[in-house]
Amino acid sequence: MSLSKILLCLDTDPQPSVFDAVVAVDAGVDQLLRQGGVSVDDVRNLIYGAMFTRGPGDLKNTAVFIGGSDVGAGEELLAKARECFFGPMRVSLMLDSNGANTTAAAAVLCARKHLKLAESTATVLAATGSVGRRVARLLAREGATVRVASRQLSRAQQVCDDVRRLVPDAQLEAWETRETESTLAAIDGAACVVAAGAPAAQLLPEEARREAKSLTLAIDLNAVPPAGIAGITPQDKAIEKDGQILYGAIGVGGTKMKLHKAAIRRLFETNDLVLDAEEIYSIGSNI
Amino acid sequence: MSLSKILLCLDTDPQPSVFDAVVAVDAGVDQLLRQGGVSVDDVRNLIYGAMFTRGPGDLKNTAVFIGGSDVGAGEELLAKARECFFGPMRVSLMLDSNGANTTAAAAVLCARKHLKLAESTATVLAATGSVGRRVARLLAREGATVRVASRQLSRAQQVCDDVRRLVPDAQLEAWETRETESTLAAIDGAACVVAAGAPAAQLLPEEARREAKSLTLAIDLNAVPPAGIAGITPQDKAIEKDGQILYGAIGVGGTKMKLHKAAIRRLFETNDLVLDAEEIYSIGSNI
Amino acid sequence: MSLSKILLCLDTDPQPSVFDAVVAVDAGVDQLLRQGGVSVDDVRNLIYGAMFTRGPGDLKNTAVFIGGSDVGAGEELLAKARECFFGPMRVSLMLDSNGANTTAAAAVLCARKHLKLAESTATVLAATGSVGRRVARLLAREGATVRVASRQLSRAQQVCDDVRRLVPDAQLEAWETRETESTLAAIDGAACVVAAGAPAAQLLPEEARREAKSLTLAIDLNAVPPAGIAGITPQDKAIEKDGQILYGAIGVGGTKMKLHKAAIRRLFETNDLVLDAEEIYSIGSNI
Chain A
902 MSLSKILLCL DTDPQPSVFD AVVAVDAGVD QLLRQGGVSV DDVRNLIYGA
952 MFTRGPGDLK NTAVFIGGSD VGAGEELLAK ARECFFGPMR VSLMLDSNGA
1002 NTTAAAAVLC ARKHLKLAES TATVLAATGS VGRRVARLLA REGATVRVAS
1052 RQLSRAQQVC DDVRRLVPDA QLEAWETRET ESTLAAIDGA ACVVAAGAPA
1102 AQLLPEEARR EAKSLTLAID LNAVPPAGIA GITPQDKAIE KDGQILYGAI
1152 GVGGTKMKLH KAAIRRLFET NDLVLDAEEI YSIGSNI
Chain B
902 MSLSKILLCL DTDPQPSVFD AVVAVDAGVD QLLRQGGVSV DDVRNLIYGA
952 MFTRGPGDLK NTAVFIGGSD VGAGEELLAK ARECFFGPMR VSLMLDSNGA
1002 NTTAAAAVLC ARKHLKLAES TATVLAATGS VGRRVARLLA REGATVRVAS
1052 RQLSRAQQVC DDVRRLVPDA QLEAWETRET ESTLAAIDGA ACVVAAGAPA
1102 AQLLPEEARR EAKSLTLAID LNAVPPAGIA GITPQDKAIE KDGQILYGAI
1152 GVGGTKMKLH KAAIRRLFET NDLVLDAEEI YSIGSNI
Chain C
902 MSLSKILLCL DTDPQPSVFD AVVAVDAGVD QLLRQGGVSV DDVRNLIYGA
952 MFTRGPGDLK NTAVFIGGSD VGAGEELLAK ARECFFGPMR VSLMLDSNGA
1002 NTTAAAAVLC ARKHLKLAES TATVLAATGS VGRRVARLLA REGATVRVAS
1052 RQLSRAQQVC DDVRRLVPDA QLEAWETRET ESTLAAIDGA ACVVAAGAPA
1102 AQLLPEEARR EAKSLTLAID LNAVPPAGIA GITPQDKAIE KDGQILYGAI
1152 GVGGTKMKLH KAAIRRLFET NDLVLDAEEI YSIGSNI
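Chains as they are written, first to last, in the working numbering: chain A, 902 to 1188; chain B, 902 to 1188; chain C, 902 to 1188.
Everything labelled a hint here was simulated from the structure, so no lab data went into it. Keep in mind that a hint or two might mislead.
To be verified - Here are the simulated DSSO-like pairs of lysine-lysine, each with C-alpha atoms no more than 30 Å apart in a straight line:
| no. | chain 1 | residue 1 | chain 2 | residue 2 |
| --- | --- | --- | --- | --- |
| 1 | B | Lys1159 | B | Lys961 |
| 2 | C | Lys1159 | A | Lys961 |
| 3 | B | Lys1159 | C | Lys1138 |
| 4 | A | Lys1162 | B | Lys1138 |
| 5 | B | Lys961 | A | Lys1159 |
| 6 | B | Lys1138 | C | Lys961 |
| 7 | A | Lys1114 | A | Lys1014 |
| 8 | A | Lys1142 | A | Lys1159 |
| 9 | C | Lys1114 | A | Lys961 |
| 10 | A | Lys1138 | B | Lys1138 |
Claimed, not checked - Computed from the model, here is a short list of chain B residues facing chain A with C-beta under 7 Å:
| no. | residue |
| --- | --- |
| 11 | Ser905 |
| 12 | Asp943 |
| 13 | Thr954 |
| 14 | Pro957 |
Ideal placement from N, C-alpha and C gives every residue a C-beta, glycine not left out.
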């Protein structure tokens, strides 16, 4: 008899995510162990419970998903969980706090259907948030020239520095985008723009988007009206308008959901995976 | 392969109900997602997790159960959950905080086996509690003349007003019942009395019950001795005594349990149900 | 169709144990109902949920596991849970807070493979902790002469008194063991020593262990280096060294894990079991 697939969900929010739980069930997990309000101090004991209950050969049937609305807190749990492992005593881990990894990976997977990223310049608006940083990172790894845009130049520069530590040959530029004029400058010459701003924050007015003649692709990851990029509706999925290909949050969401499930399934193939943005993106390349 | 039936249990108590969980499992739910200490502010995110994880055609396989000891708090969660839905993006909901809906529905289902409710007068003792209010509401919908009894006339009157808003043609009377004499007056001429008081609170002494010559049916929903209606034991189920048919809490409990399971199963037939007292009572009419 | 096997896990820690959950799943439990941060005041309502949802003939399919890091708190939950039952309305219970029962039982099961306990003297070091007390209790029941050792004589004496209340004919001696010399005295003439101290606390230096010529068996239940008994490594499982048979924590752990699973399976055979140290030890005698 094969062992049950157990997914330990470590959630930094007091109410553990229902979204992540349903996706896990639909990806074939047999038993969910959901822990809410998890702090770094809880991690060792929880991970030990996952590590020390099955033999090394069976540990691929236990995996850990880290979620919650606070991506920084999730990253700390991930780091702490990795410290607990030794030798073959380990279980596979996935980080997707705030859906940031699956969203960013799905956005870049959508972009790459339409552009040769290695030959393209892409602008990421609101690039300092958890999703934007990951979009920039994944675009940079694909060889794109990435314009990292933020209302504060220093924060944009910080993201460039952070990405460069992970992707040494990244081609990055920090841009300050405070109003339409500076935003237009940041996308002038770029083939692609991705908006990763807060819900209901408009980053690019409709007229400005139309004027940006270099753009062939615009992706808006904001699902709550008004759109981050005006003229895009959440349901847009590779629709053509004004000579541009447009994606909205729900249009990207189908890819995101497939990716999320594929990543969960992947966790149960071996016991030594750590699925962060890059690994999830890589899984998406094969589905 | 068919999707797992997932029941999201939103419980307003810190420790989510074990009772509701076991019943759900026995009603065929595959996966329980149990959330404890849920407040109104948590609802949107939790319900979105249920709404946005499966396609509209599959959403009937996800449902929500609202429970906990505080019925008012449960009603607030239900109202908030309904606000989250739009178009086909919805999941079925059931409210049974404190077991109030299934208990009240079961009591009235028992009553109706023995009486033509539309032609009867029924007295509800302690009618201002969460169960009593629902018993009054369901009896009124069946066309009974309902005497709503409470130690405070103003509170009884308030329940009458509340029920009348939901059942405009209800025949309701507010009665003040402070001691045996006024309680006897409130049941004089009634064919049925239902006691819905707090545990271990005696509302009607044994001699008084025997003296009430108009009564053909007495139902006591209190499971903790002493009985709310003296002479009834919790296990009584349609037993005859002193020319009256008697039900105790456990005697009604069998019907309550069947109803609870039937309602849970019903949740998974379509994605647009809201099961409150009336709908649960209506399900009971068919089992 | 047979009913699902439901295990209600009452955990006194805020984060309910992952270890206990995985073991339960691997022992064949279908549905886990995990409650964290359970206090004595929560017990009645939770146990009632387990008792009043299935008929007496089906109650063997619902059971309760009490866990958490605080053994005293777990014992209080167990006592409270037992108070809730009446007549056939009961469910089987198991206590294994801090793994104390399964660890102690496994240690004595290992000891009994090598010694006739009824004819042996055994020293328990750090015998006043939750595991040590149980090791002393089980050894005493097997008829061994048990030396209960602690840094404080009064605490050792207290454990002797407590064990004697449960095992009236127990042969117990209280020993004060503050440094190597007094520890050596406490094991001089004993065939077996079990160290049940805190993680990383060395109780017996290596040279002293070798000098203890009466010892034929040494069991160290501390998994975190340095060992409680120097010269034993956690993985040691009945290995011979210096003329002694040695067990480390992981060496005992295989038996502990088998025992834990067997005890969980046992819970679902009838609805009237209370599995504390003795009952778990007894299950181990048959596997």
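Verification of the hints:
{"no.": "1", "hint": "Lys1159(B) to Lys961(B)", "verdict": "holds, 21 Å"}
{"no.": "2", "hint": "Lys1159(C) to Lys961(A)", "verdict": "holds, 20 Å"}
{"no.": "3", "hint": "Lys1159(B) to Lys1138(C)", "verdict": "violated, 54 Å"}
{"no.": "4", "hint": "Lys1162(A) to Lys1138(B)", "verdict": "violated, 51 Å"}
{"no.": "5", "hint": "Lys961(B) to Lys1159(A)", "verdict": "holds, 20 Å"}
{"no.": "6", "hint": "Lys1138(B) to Lys961(C)", "verdict": "holds, 26 Å"}
{"no.": "7", "hint": "Lys1114(A) to Lys1014(A)", "verdict": "holds, 20 Å"}
{"no.": "8", "hint": "Lys1142(A) to Lys1159(A)", "verdict": "holds, 26 Å"}
{"no.": "9", "hint": "Lys1114(C) to Lys961(A)", "verdict": "violated, 46 Å"}
{"no.": "10", "hint": "Lys1138(A) to Lys1138(B)", "verdict": "violated, 61 Å"}
{"no.": "11", "hint": "Ser905", "verdict": "holds, 5 Å"}
{"no.": "12", "hint": "Asp943", "verdict": "holds, 5 Å"}
{"no.": "13", "hint": "Thr954", "verdict": "holds, 4 Å"}
{"no.": "14", "hint": "Pro957", "verdict": "violated, 13 Å"}
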